[in-house]
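Novice: Work out the full structure, taking the sequences as your base and the hints as a guide.
These protein sequences, in sequence, are chains B and Y.
The first sequence begins at 1 in the numbering used here and counts up by one.
The second sequence begins at 1 in the numbering used here and counts up by one.
Simulated from the structure, these hints should not be mistaken for lab results.
Here are the computed lysine to any residue pairs in the SDA-like style, where the Cα-Cα straight-line distance is at most 25 Å:
1. Y:K109 x B:L114
2. Y:K319 x B:S154
3. Y:K109 x B:V55
4. Y:K109 x B:Q73
5. Y:K109 x B:I70
6. Y:K109 x B:R111
7. B:K174 x Y:I197
8. B:K174 x Y:D205
9. Y:K109 x B:R57
10. Y:K319 x B:A148
11. Y:K109 x B:G113
12. Y:K80 x Y:L151
13. B:K174 x B:A80
14. Y:K319 x B:D149
15. Y:K109 x B:H15
16. Y:K319 x B:H147
17. Y:K109 x B:L81
18. Y:K109 x B:L90
19. Y:K109 x B:D77
20. Y:K319 x B:T97
21. Y:K109 x B:S112
22. B:K174 x B:E235
23. Y:K109 x B:H94
24. B:K174 x Y:A195
25. Y:K109 x B:S59
The model shown is predicted, which means the values in this text are computed figures rather than measured ones.
Chain residues, written in single-letter form:
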Amino acid sequence: MSAAALVSVENLSVHFGGLAALAELSFDVPAGAIKAVIGPNGAGKTTLFNVISGVQRASMGRIVLQGADITRQAPHDRVALGLARTFQNLQVFHGMTVLENVMVGRHVRLRSGLASAFLRLPDGRREEQAARVHARQLLDRVGLGRHADASVSSLSFGDLKIVEIARALASDPKVLLLDEPTSGLPAAEADRVARAIEAINAEGVTVLLVEHNMRVVMRVSHDILVLNFGRRIAEGAPAAVRAHPDVIAAYLGTSADA
Amino acid sequence: MHAPITRNTYLGLGVLWLALLIVPGIAPNNYVLNLAILWLINLLLIASLNLLMGYSGQISLSHAAFYGLGAYVSGVLAAKFGVSPWLGLIAAVVITGATALIVGYPTLKLRGHYLAMATLGFNAIASVLFVELRGLTGGPNGLLNVPHYNLFGLALDTDASFFYFALAVTGICLVLILNLLDSRTGRALRALSSAEIGAACMGIDVHRHKLVVFVVSTMLAAIAGCLYVHHNTFVSPESFDFIASTMLVVMVALGGTGHFWGAFLGALVYTALPELLRSVGDLEILIFGVSLILVLLFFPRGMGGGLDLLIDRWRGARKQAAARRVAP
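Specialist: What follows is the structure in structure tokens.
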């Protein structure tokens, strides 16, 4: 493995009752890489994301971010350390505008507190204004600028997936966890997301990606981890993983490129 | 859907408050003026619960108990110990906030409606204490001889003077609520009410934010309690029982949860309806229940939401008319 691991998962297990969703899983995400996690349904991919982001507790093992053990940290503290994520089934903030959703993503990089809020202190207002400009720029970058002031509930599923990416980027993450960013999208949209992932990575953000669309995975990943029943069955460069007999048996052989 | 807070919301509030300045001049009698004062107090009460329930998604079933705690702390200090009602106001806000912190800290750690359950219990305890601490509260007969506020030598003992005072206090509190909603903290509250896991994964300390908004909303209720007790000069426990708390929750829903102007309508109903239905006696509760069901059936987003629909329709009609005028 690369010496410069941004995220290390060490001997991680998650049990739901008697079922092991993840079993003694270890892998590294090298700094600057795009790493994909693939595997059949129920392989433990979303559980892995939930444990890394802190939504789900680990039964055993450690998560290390830039040398710091974050296994017991609350989700919000991990964001402050540079970890951001999106959700397969969306966790957008309904009742708010697209711009406000992205501004929520900026939360950890803003400082103004209660006194500033109640009294509308100038410092807080300036910070808000800057956050608004920042969010607008992010939306322009992902091509949703014209929807900035629309209610988030009025957007299509595909656009909401992009809003979640913009919202995650608003926290200036070091590593971005993308949970099936192209699921439910038509092919042209999926390509747009793939391009966006490459652009984000080119700006220095490490990406960990769960994805079913093999075309996108093979195109963007530097490195692929294959899970089945919570265990690693293969790991390596896309070409090597594609040729791996266990992978073909467990995954590619049974479920052709969608 | 939370109606967005804009410059127009502040403007609307300012215009309304200017218009309300004439109420003491045009009120036909003290009965009407007293209802106007009661509306201002109820507005503060319902708006503060709307901040918690409508914007932050946390249900409290003891808002009336915190209102009562504020009223009794300031009232007892003034009536039994001769403490200035101004110091009493500070004491009421601090003690109520501290109590809310104790009730909210453990229960808000849990995901789900544990706050509703804990506050249900708290209201029962508070009601018992208001009755049983006879030496302090006067028990079921109520607390008598609570003094009026005195502002730089001017006693706020007339309905007109107190109306202006309540107008100022409620106005300031409403501006504080708007300021909070239109801030980093307010955005975080609205986010966590909509998607708690999403909010946590965006870096929001969900527990801390829930606790802050719960404490703030009870402190505002305590201020309303102080206004009430030092105007009425008398309080009794049944004003702060579980029924009252439930009614407040209903008024937030009726006005429109998470709708800033909804609280104004909810407070109007809460203040006026008991007066209007007084003549029908026991039928009151039945008429009330049926009308509530009807409103929520046709306007699930409450009266505030219904108002938005009407305004949208009116704007749409105007736009169509304008389009017809342009077309040959």
